[in-house]
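*Asks:* Chain by chain, the residues:
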Amino acid sequence: MIDRPVVPATARKVPARKVRGNGLATVVFLLPMLVAFGVFSWFPIGRALVMSVQQTNLVTPATFVGVDNYVYVLHDPDLWTAIRNTGYFAGLALVFGYPIPLLLAVLMSEVRRWRGVYTALAYLPVVVPPVVAVLLWKFFYDGGPTGVFNTVLGWIGLGPYPWLNSSSLAMPSLVLEATWAAAGGTVIIYLAALTAVPPELYDAAEVDGASIRQKVWHVTLPQLRGVLLVTMILQLIGTAQVFLEPYLFTGGGPSKATLTLLLLVYDYAFGSSLSGDFGAATALSVMLAVVLALLSALYYRLTRSWSQS
Amino acid sequence: MTDQPDRGIISSNERRKPWIRKTLTLTEVGLLGSLVVIGLGPLLWLAKAATTPTRDTLREPMALWPNGFDIANLATAWNHEHLDRYFLNTLAVAGGSWASQLLVATTAGYALSVLRPRYGKLITGLVLGTMLVPAVVLLVPLYLTALDVPGLHISLINSWWAVWLPAAASPFNVILVKRFFDNLPREVFEAAMVDGAGPFRLFWSIVLPMSRPILGVVSVFAVVAAWKDFLWPLLVLPDPGKQPLSVRLPILAETIQLDVLLAALFISTLIPVVLFLVFQGFFLRGAGLSGAVKG
Numbered sequence: 001m002i003d004r005p006v007v008p009a010t011a012r013k014v015p016a017r018k019v020r021g022n023g024l025a026t027v028v029f030l031l032p033m034l035v036a037f038g039v040f041s042w043f044p045i046g047r048a049l050v051m052s053v054q055q056t057n058l059v060t061p062a063t064f065v066g067v068d069n070y071v072y073v074l075h076d077p078d079l080w081t082a083i084r085n086t087g088y089f090a091g092l093a094l095v096f097g098y099p100i101p102l103l104l105a106v107l108m109s110e111v112r113r114w115r116g117v118y119t120a121l122a123y124l125p126v127v128v129p130p131v132v133a134v135l136l137w138k139f140f141y142d143g144g145p146t147g148v149f150n151t152v153l154g155w156i157g158l159g160p161y162p163w164l165n166s167s168s169l170a171m172p173s174l175v176l177e178a179t180w181a182a183a184g185g186t187v188i189i190y191l192a193a194l195t196a197v198p199p200e201l202y203d204a205a206e207v208d209g210a211s212i213r214q215k216v217w218h219v220t221l222p223q224l225r226g227v228l229l230v231t232m233i234l235q236l237i238g239t240a241q242v243f244l245e246p247y248l249f250t251g252g253g254p255s256k257a258t259l260t261l262l263l264l265v266y267d268y269a270f271g272s273s274l275s276g277d278f279g280a281a282t283a284l285s286v287m288l289a290v291v292l293a294l295l296s297a298l299y300y301r302l303t304r305s306w307s308q309s
Numbered sequence: 001m002t003d004q005p006d007r008g009i010i011s012s013n014e015r016r017k018p019w020i021r022k023t024l025t026l027t028e029v030g031l032l033g034s035l036v037v038i039g040l041g042p043l044l045w046l047a048k049a050a051t052t053p054t055r056d057t058l059r060e061p062m063a064l065w066p067n068g069f070d071i072a073n074l075a076t077a078w079n080h081e082h083l084d085r086y087f088l089n090t091l092a093v094a095g096g097s098w099a100s101q102l103l104v105a106t107t108a109g110y111a112l113s114v115l116r117p118r119y120g121k122l123i124t125g126l127v128l129g130t131m132l133v134p135a136v137v138l139l140v141p142l143y144l145t146a147l148d149v150p151g152l153h154i155s156l157i158n159s160w161w162a163v164w165l166p167a168a169a170s171p172f173n174v175i176l177v178k179r180f181f182d183n184l185p186r187e188v189f190e191a192a193m194v195d196g197a198g199p200f201r202l203f204w205s206i207v208l209p210m211s212r213p214i215l216g217v218v219s220v221f222a223v224v225a226a227w228k229d230f231l232w233p234l235l236v237l238p239d240p241g242k243q244p245l246s247v248r249l250p251i252l253a254e255t256i257q258l259d260v261l262l263a264a265l266f267i268s269t270l271i272p273v274v275l276f277l278v279f280q281g282f283f284l285r286g287a288g289l290s291g292a293v294k295g
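Chains as they are written, first to last, in the working numbering: chain X, 1 to 309; chain P, 1 to 295.
Derived by calculation from the structure, the hints in this document are not laboratory data. Think of the CB as a built atom: it goes at the ideal place given N, C-alpha and C, for glycine as much as any other residue. Where hints are given, some of them may not hold.
Unchecked claim - Not the full set, but computed from the structure, chain X residues with beta-carbon under 7 Å of chain P:
#, residue
1, Ala25
2, Leu30
3, Leu103
4, Val127
5, Thr179
6, Glu206
7, Phe278
8, Ser296
Just chain P, same shape as in the assembly (with noise of 0.2 Å):
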């Protein structure tokens, strides 16, 4: 996706005329100047806002720092309303949820594209299917599953496992690292095979170094994934102790002062920002292989 295309729809020669050179600056200017309002505006007025006192936004929402700056807000955010916690909490269940997701496309992928067992086709048909089956219909059956975990009748249901385990179910991840395995060498495999690697060395030590590419991706997925869960955390998580930012700030918002909630909200989006900012190239690669996943 970051290799430019020799020519687009317009041609160097075409670029040449003076008129269209005009139009097409003329139309850079007006597409950036909108993108910067639209994309950026509001986090830029988010950070002016989270630095304003209450009365000032509500007065005047527009003007800037009309009495001043309120940089406490930042802080009383952070300390007082526990936002620090919350951050902790989204990271532990992003963190958890990242690793359960690994280790299930990985080990996975690997059984059913190297290992290739002879009932193997049978189960990645069974995976295929359940992305025929949109997460609506699970709402009720999975919470009722957490509540009471079919074998071994524990309640998942205030416990981070109940957003781990789940996450881990994900056949798109399944699919996307089957399919780069499929892809590597296997002449490389038969060679580890040959020097006497056994499936375990074979997966450890050859595959999962080969896959970094598509382990990013799973990564940021399952990271951002995490990060914007809102529904099933709030269903499993009631404790406040346990809930992350997403589930927290709705409640925080009925009940604190807006400078302060405008001052979660703009703490609770620089993190991901920044995330994005250093690693754009991952984050977009993910954007562009959810239109099509590749065969």
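Excised from the complex, chain X in its bound form (with noise of 0.2 Å):
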């Protein structure tokens, strides 16, 4: 996908000097790197593993109270609700998010005219900052009679529907503005492992007297599930941490039907503004991480095969 450069003529054929890092040079060329990760990740990372192990808040000096911090965080009610509710929003977000996509790409390959205009369409609500997004959407939402959507759906004698404020209906709603935000995103890599299916697979099939359907259930789409297995992983990373959406959105609510993990992690270290209870939000966000490095263990497994492959 990236170019490669051309090997310049002038390259002569020399006795090979190895380029070799010696000392000093290669040191200083990797100081900015060794600072930037080792304050800025990787001492945070032992820092987070430690602090879940202990009762900090900044005010008196942390002491260790081994798992307290894990069983506090698992037996409050509010970590089942944001399980739930963040498992919900995942799914939806793949039921509304995975077959669109897919439709929209493989739609998109087929257009002879015009293709760039498809893809900038596509591709422009990724571009508008999210927080926009989330605040025009929550205008959209509104739930009187005229409101932008109760306003559309009363054409077709539908609505006037709550959105936001129906425990029910709020958090379809996030999903749907979230899809919206990045369904563009996933569309363009569909389009770029569409381009990579080889166009003698199609010949073949028609050889054998495929039809167009045929072609796209036989040849397109098992070509395409690596992609898929992959962008399905990478969204449920991402829709397992989501917060924006409910945060500003809804802030939790109505009655916590759209409290998510990481609002939680918010909560428990920034919401309340005497002293964060830093120790219940760091083992909070490991349990939850040590989940997701699963799922991004797979993801790097399946990208390094394909590439090598």
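These two chains come separately, so use the hints to put the complex back together.
*Replies:* Take a look at the structure:
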């Protein structure tokens, strides 16, 4: 996908002199990265593990409390609400956000005229700053009869719906906006994968008398299997950490119907103005991280095995 | 990604059949129509609402300027609500994050790919390992680190450094750049060394100029991520005078007139959209890359 530079004609054959890092220069080049990762990645990761077994609030010195934080979090009834809600969000996001980009990409890949216009239109929502998108949709979701969506649905005799104010509609509303905001990126990934399907496979299918529908089913979709798996894992990792939508749309309400895991982490640590319960917050993040790390490990395994094949 | 394949699912023979041609044309029209409504529709509505008085937008949200324009909204948002200030803050946040990410990614990529010290594999492994750690686990400890930087005992809160520095620790950038450098022809480096170039000269005059495509992709990633980021700047920049648009807009939404807010949202959207239309290639190439980190 990235253009490989062509070897300049001036590259002379010379007795190979090994380019190898010799001490000082290498260290100088590594320094920015070592500082950035050391202070802002490796150190905080270690600190998270330590803090999850400590009682810390920045006011009193940290004390070792063993697995108390984990026990506390696991006994918090909000945790199970948050797990259910996050699972619901992830599930709905798969239902909305998985088939639609695939359908769009397959249709777009057959467009011959002004393909760029289609791509740009599909990608446009991804470019809108997420905060702007949420605030705009929050206005669209106005529950009154003159709300934007209620007006449009009123034309065909539906509604008005309470959207964000209803505990049953709030989560689907969030997912709908999130899908709108993210689908374009997935479409681009699928389009790239579709152009990589070897045309000979279609030629061969035609020789065997396959119809268009059969070609889609027996050639296109099997060829996309790998990339479909990867986008699913990426989407699960992303939706498990959803924060912006519940935070800005509903603040976790109504009656905790949109309280997600990351919102709970935020509430533990920064929710009360007095002193945050950093121990509980990190304990919960570590537990979530372990689950997500398994998913990411699977993702890197998959992408790596393809690029080698 | 830009190169069209010779053929797609439908063969040119099939394209010549009348009923297939008709179905295809119908599909294209339907597809274009839906994409315009879904992709462009909300933005067009925002453009309209940004220039409509509040009362009209509330009463008839889908009507086109029932009682005339109100262009003054845009000026009010920009000047009176200090959108200019938050816009500059956003530029500062994005610019600094871009610079720090590019510095770290190129120097680290160069050291690990070209200079290849003996302990390089270990460092690469440590960088790869952080890719497995999701952002959520870092939220609280990273905040405490910004509050009291280890070794220096200074607080980065309310300073843009609190956004710039953590952004630099992006394993994705380092690996992306390293893999690109791995594919550069080593004979060129060796020839340059024979001609007397030192490691710094080699980096600056040979490797970087050969790496424009990847630097473009990393740059777009960096700027877009910084522009979109909300939670982290919300935590580390409590001072409104330092906050970027993303942090400031939700607070404005609670306090200002609806028409001015919609004008503010419109202005905040316009800039990234224009940037996207100009640099489409880089955006889409980057989006495709996130699907497959190439080896």
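*Asks:* Tell me, which hint numbers fail for this structure?
*Replies:* Failing hints, ascending: 3, 5.
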